[in-house]
Amino acid sequence: MNKAWVYVILTSLSELVWIYGFNTASAWWHWMLIIIFLVCDLHFLAKACETLPTGTVYAIFAATGTVGTAVMDVFMFDQSLGLGKLGFIVLIIAGVIGLKLTDDKKDEEQSKGAV
Amino acid sequence: MGWIFVLLASACEITGGIGLHYFSQRRTLRNGLVYFGGLGVSLALLYPSFQYLPVSVAYAVWTGIGTAGIVIVNMMFFGESKNGLRLASLTAIIIGVVGLKAMGS
Chain A
806 MNKAWVYVIL
816 TSLSELVWIY
826 GFNTASAWWH
836 WMLIIIFLVC
846 DLHFLAKACE
856 TLPTGTVYAI
866 FAATGTVGTA
876 VMDVFMFDQS
886 LGLGKLGFIV
896 LIIAGVIGLK
906 LTDDKKDEEQ
916 SKGAV
Chain B
454 MGWIFVLLAS
464 ACEITGGIGL
474 HYFSQRRTLR
484 NGLVYFGGLG
494 VSLALLYPSF
504 QYLPVSVAYA
514 VWTGIGTAGI
524 VIVNMMFFGE
534 SKNGLRLASL
544 TAIIIGVVGL
554 KAMGS
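First to last, the protein sequences are chains A and B. Using my numbering, read the first sequence as starting at 806 and increasing by one per residue. Using my numbering, read the second sequence as starting at 454 and increasing by one per residue.
What the hints contain is simulated information worked out from the structure, not anything from laboratory work. A portion of the hints provided could be inaccurate.
Stated by the list, open to error - Below, computed lysine-lysine pairings styled on DSS-like, alpha-carbon distance capped at 25 Å:
#: 1; chain 1: A; residue 1: 808; chain 2: A; residue 2: 852
#: 2; chain 1: B; residue 1: 535; chain 2: A; residue 2: 852
#: 3; chain 1: A; residue 1: 905; chain 2: B; residue 2: 535
#: 4; chain 1: B; residue 1: 535; chain 2: A; residue 2: 910
#: 5; chain 1: A; residue 1: 852; chain 2: A; residue 2: 910
#: 6; chain 1: A; residue 1: 910; chain 2: A; residue 2: 808
#: 7; chain 1: A; residue 1: 905; chain 2: A; residue 2: 808
#: 8; chain 1: A; residue 1: 808; chain 2: B; residue 2: 535
#: 9; chain 1: A; residue 1: 852; chain 2: A; residue 2: 905
As the list claims (entries may be wrong) - Simulated DEER-style distance windows between Cβ atoms:
#: 10; chain 1: B; residue 1: 544; chain 2: A; residue 2: 889; range: 32 to 42 Å
#: 11; chain 1: A; residue 1: 830; chain 2: B; residue 2: 557; range: 20 to 30 Å
#: 12; chain 1: A; residue 1: 811; chain 2: B; residue 2: 482; range: 25 to 35 Å
#: 13; chain 1: B; residue 1: 478; chain 2: A; residue 2: 902; range: 36 to 46 Å
#: 14; chain 1: B; residue 1: 532; chain 2: A; residue 2: 909; range: 16 to 26 Å
#: 15; chain 1: A; residue 1: 834; chain 2: B; residue 2: 536; range: 44 to 54 Å
#: 16; chain 1: A; residue 1: 831; chain 2: B; residue 2: 496; range: 19 to 29 Å
Unchecked claim - Which stretches of chain B does chain A cover? Using the computed rule of at least three CB atoms under 8 Å from a CB of chain A, they are:
#: 17; segment: 468-478
#: 18; segment: 496-506
#: 19; segment: 544-556
All values derive from a computational prediction rather than experimental measurement. Every residue, glycine too, gets a C-beta built ideally from N, C-alpha and C.
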């Protein structure tokens with residue numbers, strides 16, 4: 806796996822942490838933590854874009870935030886997960902897998918070219 | 454009035470995305486300002502739209518235009534791949550994100 810994908814995972818994780826914090830923060834130091842995670846999030850996002858296409862990274866970034874919020878609503882804030890929401894989540898996951906596959910294909914072409 | 458805020462917020466999100474592209478290539482103060490500033494101003498503009506529009510609708514349109522815009526700008530101006538699987542995957546993500554946000558919480 807390309808190192809840039811590690812940054813994609815890191816930006817997604819830190820995004821989920823600050824979104825969760827945003828929904829639950831109740832003390833001033835919670836907001837300090839949110840800002841720290843937000844800065845880390847934006848840093849990892851830019852690191853991922855150094856080697857992966859910005860469009861790919863940003864779409865996944867938007868996807869994680871949206872799916873994460875929906876899943877948090879279900880598990881932490883007792884909202885229902887209907888068939889419609891589930892369908893859109895599956896569509897998003899398929900899209901992320903597709904983007905990962907196109908990136909792998911590009912790597913192969915490049916390594917072939919190098920040989 | 455709400456729609457004006459949503460459209461301006463989307464435009465700022467796209468600007469932030471352009472900043473993100475430049476900032477990831479060269480870490481200058483100017484690129485950083487466009488990146489952080491674009492996304493920051495975008496959220497600041499989205500917030501007042503909630504007074505006029507349902508939150509789920511405003512969110513869905515904002516991410517839809519913003520994400521699609523960033524993808525399109527990067528393909529048109531920064532030479533990103535227009536490979537079929539990549540286009541289909543990006544479309545799936547954008548439809549999924551807009552749909553999920555529109556169903557709201």
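Hint check:
1. A:808 x A:852: holds, 10 Å
2. B:535 x A:852: The hint holds at about 22 Å.
3. A:905 x B:535: holds, 15 Å
4. B:535 x A:910: Judged against 25 Å, a Cα distance of about 14 Å means the pair holds.
5. A:852 x A:910: Roughly 21 Å separates the two Cα atoms, so the pair holds.
6. A:910 x A:808: Status holds; Cα separation ~16 Å.
7. A:905 x A:808: Since the Cα atoms of residue 905 of chain A and residue 808 of chain A sit roughly 13 Å apart, the hinted pair holds (cutoff 25 Å).
8. A:808 x B:535: Roughly 23 Å between the alpha carbons, so the hint for residue 808 of chain A and residue 535 of chain B holds.
9. A:852 x A:905: Holds, at about 17 Å.
10. B:544 x A:889: 32 to 42 Å: violated, 18 Å
11. A:830 x B:557: 20 to 30 Å: holds, 22 Å
12. A:811 x B:482: 25 to 35 Å: holds, 27 Å
13. B:478 x A:902: 36 to 46 Å: violated, 27 Å
14. B:532 x A:909: 16 to 26 Å: holds, 20 Å
15. A:834 x B:536: 44 to 54 Å: holds, 46 Å
16. A:831 x B:496: 19 to 29 Å: holds, 21 Å
17. 468-478: holds (count 6)
18. 496-506: Check failed, 0 qualifying residues.
19. 544-556: The restraint on the segment 544-556 of chain B holds, since 11 of its residues have a Cβ under 8 Å from chain A and three suffice.
Hints 10, 13 and 18 from the earlier list are contradicted by this structure; the remaining hints agree with it.
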